[in-house]
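Each chain is listed here by its residues.
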Amino acid sequence: MGGLLAALPVGAMAHQMVVFASVDCEAVTVEAKFSNGNAVQQADVRVLDGDNGLQTTLPIDTDGTVMVPLDSVDHSGGLVIEVDTGSHDNYWIVTPEDIAKSCQS
Amino acid sequence: MRRLSKSLFAAGLMLFVGTLASAQDRAQIVAVNYPLRFLAEQLAGDAADVTFPVPQDVDPSFWRPSISDISAVQAADLILLNGAGFATWVDRVSLPRSKLVNTSAAIEDQFIVTESITHSHGDGDTHSHEGLASYVWLDPGLGIAQAQAIAAALTARGLAPEDEVTARLATLTTELESLDAAAQSALRDLLGATLIATHPRYHYFARRYGMSVLSMEWEAGAMPDDGQLAELEALAAQSDATVLIWEAQPPDAALDATRALGLRNVVFPPLAHAVEGQTFLQGFTQALSDLADVAGQ
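Which chain is which? The protein sequence lines are A and B, in order. My numbering applies: residue 168 is where the first sequence begins, and numbers increase by one. My numbering applies: residue 80 is where the second sequence begins, and numbers increase by one.
Source of the hints: derived by calculation from the structure; they are not laboratory data. Please read these numbers as outputs of a predicted model, since none were measured by experiment. Some hints here could point you the wrong way.
[Stated by the list, open to error] Per label pair, the in silico range of CB-to-CB distance:
no., chain 1, residue 1, chain 2, residue 2, range
1, A, G253, B, E312, 28 to 38 Å
2, B, A301, A, L221, 43 to 53 Å
3, B, G220, A, K268, 34 to 44 Å
4, A, D238, B, L179, 40 to 50 Å
We put the beta carbon where it would ideally sit given N, CA and C, even for glycine.
Given these sequences and hints, build the entire structure.
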């Protein structure tokens with residue numbers, strides 16, 4: 168059985184870190200936690216544009232959150248938020264429609 | 080003559096505009112796997128365009144969509160989820176709740192819990208997570224439940240005429256029941272048998288037809304390395320299994336290597352993607368036939 172477990176792909180384990188991002192027209196707030204509820208305390212947060220171009224990389228705060236001001240990135244084609252702890256990674260996709268909707272409400 | 084030409088042109092123009100309007104009026108449905116696309120197409124008929132956006136060479140369980148992919152999904156009238164943890168991308172985007180349909184919500188009590196994954200986070204203790212087997216459609220009875228969920232969603236949202244959906248659901252149910260009966264008959268020699276699979280796809284299929292399946296984590300269609308072959312040999316020895324199920328056609332050398340271990344090989348596509356040139360029912364029937372042939376050898 169040990170061999171079977173060792174053969175599991177990285178992706179099968181990576182989904183155990185949960186990433187969520189919300190938009191409020193001025194900023195994207197990113198939250199990352201492990202599936203046991205513990206906040207991610209050390210991770211790189213990469214912000215990519217609609218063409219997968221890297222816009223910025225930020226360290227996550229010790230409470231597992233980080234704020235990305237919308238005026239600091241080109242968000243016209245949407246954003247992909249990647250969180251990488253080194254052993255776990257996950258992402259959240261923010262579409263242009265998500266951003267537009269957040270500015271209407 | 081000129082008047083006749085004008086009339087014909089006008090009639091053709093009206094037909095073209097009518098067709099265009101009809102296409103634009105059709106409901107737009109997105110499915111997270113091919114079986115759900117197939118079921119939705121059968122149930123909606125001409126009332127909807129059903130898309131399954133995952134490229135053929137990508138595992139739809141672990142597809143990473145682009146931003147434009149998600150924009151298109153968000154604009155759909157209906158988004159068909161498989162449930163049971165299938166398609167991890169749906170938990171990484173904002174999707175409108177009013178358009179989401181979890182097609183396996185009514186069968187959650189029949190889900191199969193899979194083995195734990197043991198690991199640790201940083202300096203934390205080693206621990207494990209349980210998962211769910213997600214290829215529910217390989218049990219046609221569960222596929223019928225998914226079809227019922229889609230039919231209910233289509234009619235509740237007024238996306239297709241209720242009487243037509245009801246009639247199509249009856250036909251589809253009959254077809255899936257026939258498939259189930261054919262499987263019961265074709266696989267009777269495998270009742271109680273243990274099989275080995277190159278990937279954990281066949282939990283519901285095996286349970287439905289009275290078999291046990293031991294799963295490995297081999298890359299689909301790839302040549303196994305020496306370590307993987309040793310793992311397979313050990314599994315075969317401990318289980319007395321004699322049939323190895325591949326989810327995709329491997330190289331001939333792989334078939335030779337596993338044959339040398341005393342195993343009979345069969346390719347059984349799990350149908351998360353369509354098999355080229357075959358519908359869901361045709362692909363399933365072909366796989367059943369191939370498995371029955373191997374079992375009878």
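The hints, checked one at a time:
no. : hint                          : verdict
1   : A:G253 <-> B:E312: 28 to 38 Å : holds (35 Å)
2   : B:A301 <-> A:L221: 43 to 53 Å : violated (31 Å)
3   : B:G220 <-> A:K268: 34 to 44 Å : holds (40 Å)
4   : A:D238 <-> B:L179: 40 to 50 Å : violated (32 Å)
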